[in-house]
Amino acid sequence: MRFLFRLLDSRATLRRTALATLVANIGIVVTGGLVRLTGSGLGCPTWPRCTDDSYVTTREMGFHGVIEFGNRTLTFLIGFIAAVAVLAAWRQRHQVPGILTGAVWVLLGIGMQGVIGGVTVHMALNPWIVATHFLASMVLIAIAYLFWYRTKEIPPNWTAPKAIRTGGALITLVSAAVLVLGTIVTGSGPHSGDTRASRTGFDPAAMSQLHGDAVFVLVGLSVALWLGLRALSAPLRVTRAAATLVVVELAQGVVGFVQYFTGLPWPVVILHMLGACLVWTSTLSLLLSLTPRRAGQRSEDRDHSLASTA
Numbered sequence: 060m061r062f063l064f065r066l067l068d069s070r071a072t073l074r075r076t077a078l079a080t081l082v083a084n085i086g087i088v089v090t091g092g093l094v095r096l097t098g099s100g101l102g103c104p105t106w107p108r109c110t111d112d113s114y115v116t117t118r119e120m121g122f123h124g125v126i127e128f129g130n131r132t133l134t135f136l137i138g139f140i141a142a143v144a145v146l147a148a149w150r151q152r153h154q155v156p157g158i159l160t161g162a163v164w165v166l167l168g169i170g171m172q173g174v175i176g177g178v179t180v181h182m183a184l185n186p187w188i189v190a191t192h193f194l195a196s197m198v199l200i201a202i203a204y205l206f207w208y209r210t211k212e213i214p215p216n217w218t219a220p221k222a223i224r225t226g227g228a229l230i231t232l233v234s235a236a237v238l239v240l241g242t243i244v245t246g247s248g249p250h251s252g253d254t255r256a257s258r259t260g261f262d263p264a265a266m267s268q269l270h271g272d273a274v275f276v277l278v279g280l281s282v283a284l285w286l287g288l289r290a291l292s293a294p295l296r297v298t299r300a301a302a303t304l305v306v307v308e309l310a311q312g313v314v315g316f317v318q319y320f321t322g323l324p325w326p327v328v329i330l331h332m333l334g335a336c337l338v339w340t341s342t343l344s345l346l347l348s349l350t351p352r353r354a355g356q357r358s359e360d361r362d363h364s365l366a367s368t369a
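Its first residue numbered 60, the sequence shown is counted upward by one per residue in this note's numbering.
Simulated from the structure, these hints should not be mistaken for laboratory data.
Predicted, not measured: the structure shown is a model, and the values here were computed from it.
Beta carbons are placed, not taken as given, at the ideal position from N, Cα and C, and that holds for glycine.
Be a bit skeptical, because a hint or two may be false.
As the list claims (entries may be wrong) - Simulated DEER-style distance windows between Cβ atoms: (1) Trp325 <-> Gly121: 15 to 21 Å; (2) His250 <-> Ser292: 45 to 51 Å; (3) Ala71 <-> Val115: 34 to 40 Å; (4) Arg224 <-> Thr191: 29 to 35 Å; (5) Val115 <-> Thr191: 24 to 30 Å; (6) Ile175 <-> Ala71: 30 to 36 Å; (7) Arg152 <-> Gly260: 32 to 38 Å; (8) Gly279 <-> Trp217: 22 to 28 Å; (9) Leu286 <-> Thr350: 17 to 23 Å; (10) Ala195 <-> His250: 18 to 24 Å; (11) Leu269 <-> Arg152: 25 to 31 Å.
Throw the hints in and build the complete structure from the sequences for me.
Written as structure tokens, this is what we have:
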């Protein structure tokens with residue numbers, strides 16, 4: 060038991076479990092995309108059971124049942140990681156103010172995502188519910204990213220000019236809008252997750268054009284902010300965050316064009332979904348780098364003996 064307490068009291072454990080929750084929530088977005096792209100969205104036709112008589116997939120359900128049930132099973136793994144993170148955050152709540160709240164929200168968000176996933180199945184993969192499921196994942200990734208960010212070492216304090224902070228907020232809003240438009244493109248396209256699923260009825264080409272236009276705006280704003288930060292001789296960590304966002308956006312744009320002009324092959328679509336998560340986290344990294352942090356103790360890899368909370 061003492062070993063367990065020492066492990067939970069380690070700042071390294073807190074940081075690693077926080078990072079694990081972030082990576083796992085990005086990972087399940089990718090595996091969820093695999094479910095849709097293989098037509099396995101209704102591989103388990105009901106929820107929370109896989110069939111009316113079984114909580115697990117059966118041989119008769121074949122490949123699609125295995126894919127869908129496997130994705131559901133990953134939710135329990137992610138929930139376990141988040142639960143460990145909550146325990147570590149609770150043990151260190153006095154050393155890292157506000158950290159417990161973030162950990163609890165991540166765990167609650169995972170449970171809520173499971174419920175939305177169930178609604179998605181019961182609604183026969185209605186494209187608007189599927190979009191809600193994806194966007195809820197983006198909110199959860201944002202919460203997980205903030206949770207992880209708070210476990211990192213506090214960087215040197217730098218107060219960005221108001222215009223720069225406004226630019227960072229605007230980029231975040233446009234990035235969110237790009238994600239929303241991306242779900243509408245998906246809901247209008249061919250990869251519905253099952254032949255019985257409905258579509259939005261919008262013209263896929265028109266929605267793709269609108270989505271692409273929003274991406275161009277996002278890239279333009281990001282490049283402008285990066286140039287502004289360089290002109291102001293901002294700290295390296297801040298300009299690096301802006302440069303990383305621009306590079307990830309450009310890479311994601313290339314993948315987007317490839318998938319559009321090659322007929323949406325599923326490996327490229329999967330890569331595009333991963334890219335969407337990376338653009339989003341890079342956006343959050345830039346936004347937080349522009350937000351002054353309260354001075355406090357540096358987060359170092361050391362064990363804390365928290366006798367008062369043991």
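Okay, the hints, checked on the actual structure:
1. Checked against the given bound of 15 to 21 Å, the beta carbons of tryptophan 325 and glycine 121, roughly 18 Å apart, stay inside it.
2. Checking the proposed 45 to 51 Å range against histidine 250 and serine 292 shows it holds: the Cβ atoms sit about 46 Å from each other.
3. At roughly 36 Å, the beta-carbon separation of alanine 71 and valine 115 lies within the given 34 to 40 Å, and the hint holds.
4. Remark: the range hint 29 to 35 Å for arginine 224 to threonine 191 is upheld by a beta-carbon distance near 30 Å.
5. Valine 115 and threonine 191 have their C-beta atoms about 27 Å apart, which keeps the hinted 24 to 30 Å range intact.
6. Isoleucine 175 and alanine 71 have their C-beta atoms about 33 Å apart, which keeps the hinted 30 to 36 Å range intact.
7. For arginine 152 paired with glycine 260, a C-beta distance near 49 Å fails the hint of 32 to 38 Å.
8. Between glycine 279 and tryptophan 217 the CB atoms are about 25 Å apart, so this pair conforms to the stated range of 22 to 28 Å.
9. Range check, leucine 286 to threonine 350: about 20 Å between beta-carbon atoms, so the 17 to 23 Å window is met.
10. Distance hint check: the CB atoms of alanine 195 and histidine 250 are about 19 Å apart, consistent with the given range 18 to 24 Å.
11. Range check, leucine 269 to arginine 152: Cβ separation about 45 Å, and the 25 to 31 Å hint is violated.
The structure shown violates the earlier hints numbered 7, 11.
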